[in-house]
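2 protein chains.
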Amino acid sequence: MHQKKYRKEHGLFLVEGIKSIIEFIHSSYQIHSIFYNIEQSNLLPKLPANINLFEVNNVELGKISTLQTPQGFLAIVYIPKDKKIDQKSLQNEFTLVLDGVQDPGNMGTIIRTADWFGFKKIICSEDTVEAFNPKTVQATMGSLARVEIYYENLTSFLDQNQLPVFGALLDGESIYQTNWGKEGLVILGNEGKGISAEIIKKINKPVTIPRFGAAESLNVAVSAAIFCSELVRVKN
Amino acid sequence: MHQKKYRKEHGLFLVEGIKSIIEFIHSSYQIHSIFYNIEQSNLLPKLPANINLFEVNNVELGKISTLQTPQGFLAIVYIPKDKKIDQKSLQNEFTLVLDGVQDPGNMGTIIRTADWFGFKKIICSEDTVEAFNPKTVQATMGSLARVEIYYENLTSFLDQNQLPVFGALLDGESIYQTNWGKEGLVILGNEGKGISAEIIKKINKPVTIPRFGAAESLNVAVSAAIFCSELVRVKN
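The listed protein sequences correspond, in order, to chains A and B.
Read in order, the letters of the first sequence correspond to residues 1 to 236 in our numbering.
Read in order, the letters of the second sequence correspond to residues 1 to 236 in our numbering.
It is possible that some hints are incorrect.
One copy or two, it doesn't matter: identical chains are merged, so the pair holds either way.
Said to hold, decoys possible - Below, computed lysine to aspartate or glutamate pairings styled on DMTMM-like, alpha-carbon distance capped at 25 angstroms:
| no. | residue 1 | residue 2 |
| --- | --- | --- |
| 1 | LYS19 | ASP171 |
| 2 | LYS83 | GLU152 |
| 3 | LYS235 | GLU216 |
| 4 | LYS121 | GLU216 |
| 5 | LYS120 | GLU216 |
| 6 | LYS120 | GLU183 |
| 7 | LYS135 | GLU191 |
| 8 | LYS182 | ASP159 |
| 9 | LYS88 | ASP103 |
| 10 | LYS19 | ASP103 |
| 11 | LYS135 | ASP103 |
Bear in mind the hints are in silico, worked out from the structure with no lab data behind them.
Produce the complete structure using the sequences and hints provided.
This is the structure in C-alpha cells:
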C-alpha cells in the first residue's frame, strides 16, 4: 500500500487516524479492513459487518503504518473504479483543474481547501500526483472522502468543454478585477513549470494573483486557496 | 547547522540553492561562506571579498546538505542578532502574527506568501518554529531574505500594542464582510490547537474564513494566504 504500483495492483489505499477513517466510513468509499490498537478500541464506532477488523499492538501497527508516529487506527480502503467526468455536472459551478501538480502534500492541501469552500470535484491531468498516495491522504485530513478526484487526459477533456477556462498565469487579469461569471474551470499548473504549453492554449481567460512584493512565485496550494476564496467571495 | 542548538550556539544557518543564495547576498544578511560544486562554478555571481569560498565535490556537498538531492550550492549565513519590534513601524499596514505555528514547511510557505503580497514583517510567539530551520528556509524560496521575522513574548507585545487586533477564530465575522480599516495585526494560531487562550483574550476583532463545505479546518499556511489576499484586495 505504501507504493503506487501495489496500490494500483490491489486497488486499495491506506487511511490513518480514527477521525479520517470515520469520514471514509460515512462516505461512498468501501472499507476493506481496519487495524486498530487494542488499547484504543473504545474509540472505534459501530461498523458495518462487511469490514474486516484486526486487533494489533503498537509494534505491528508501526510496521504497516506510513507515519513516524502511528495513530492507533489504520484502514485499508478500496480505490474507486476509474470514472470519467460528466461535463454537464460542471455547469453552474467552478471547478479546479490541476495540470501536473507533483507534491503529495500540496495535492492533499488543495483537496482539504476545496472541501472547506464547498468545491465538490477536482479534475487532474494524468501526470498529477495520485490522490491515494499516503502523504496526500494524510494532508487531506479526511476531505478526500468528500471531494471527487477525476484523472483525465486534459487535452481531450478541454476540447469537449464548453465552460469558460480560467488559467493561473503570470500575465493575466487580476483575480480581483476579473468578471468570473457563474461557472468555469480554473487551471493551476505544476510547482516548478506551471501550466504545460499544450494546456495554456486552451485557456481563454488568463488570470493572475497580483503581486505586491518580491517573491518569484506562490506555492500551488496557496494559489489554489486564494482562487477558492475569491470564487466563493464573488459568488456569495 | 542541521540542529537548532548548534544554529543557536554558532549564530549561523544554512541556505541551499543558487537562487536563494543570491537573494541573501542582495539582502541585509551577512554571508559567512559558500560551498559550491566545482562543475557549476560558472553559475556563481561576483561576490564580496569577505565571503569564504569552498570548492567541493558532490559527495562532500551531500554530507553538509540537508536535502536528499543537494543543489550544488550551499551558503552559511549569519543569524541576525535578536531585534525587538518597533511598535510604531507597524502603523498604516497589516502584519501577520503567528502564535505557535509548528510546522517548518507551513512557516516557510507563510513567509513566501507574505513576501508575494508585500508584507514586510511577521511577528511570532517565542514557541513558533524557528525561521532558520533548514526546512523553513527551503520553503521560503528566498523570501526569508526580504521578510523580517520577529520573535516576541506575544502577551507583552500585545499589551503595548495600540492597533486593532484581528484574530482567526471559528466564530468571528466573515473576512469578506469585515471592515479592516487601514492597519492592524492578524493573529493565526497553531496547526492543531489554534490561538492560545491567553492570546485569544487580546483579540478585539475575531474574524473567520467562511466555510461553505465540510472540512473541519484549513491548513494554517492556507489561512494566512487567504488573509493576505483579502487584505491587499481591500487596501488596493
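### Query
Hints broken by the structure, by number, lowest first?
9
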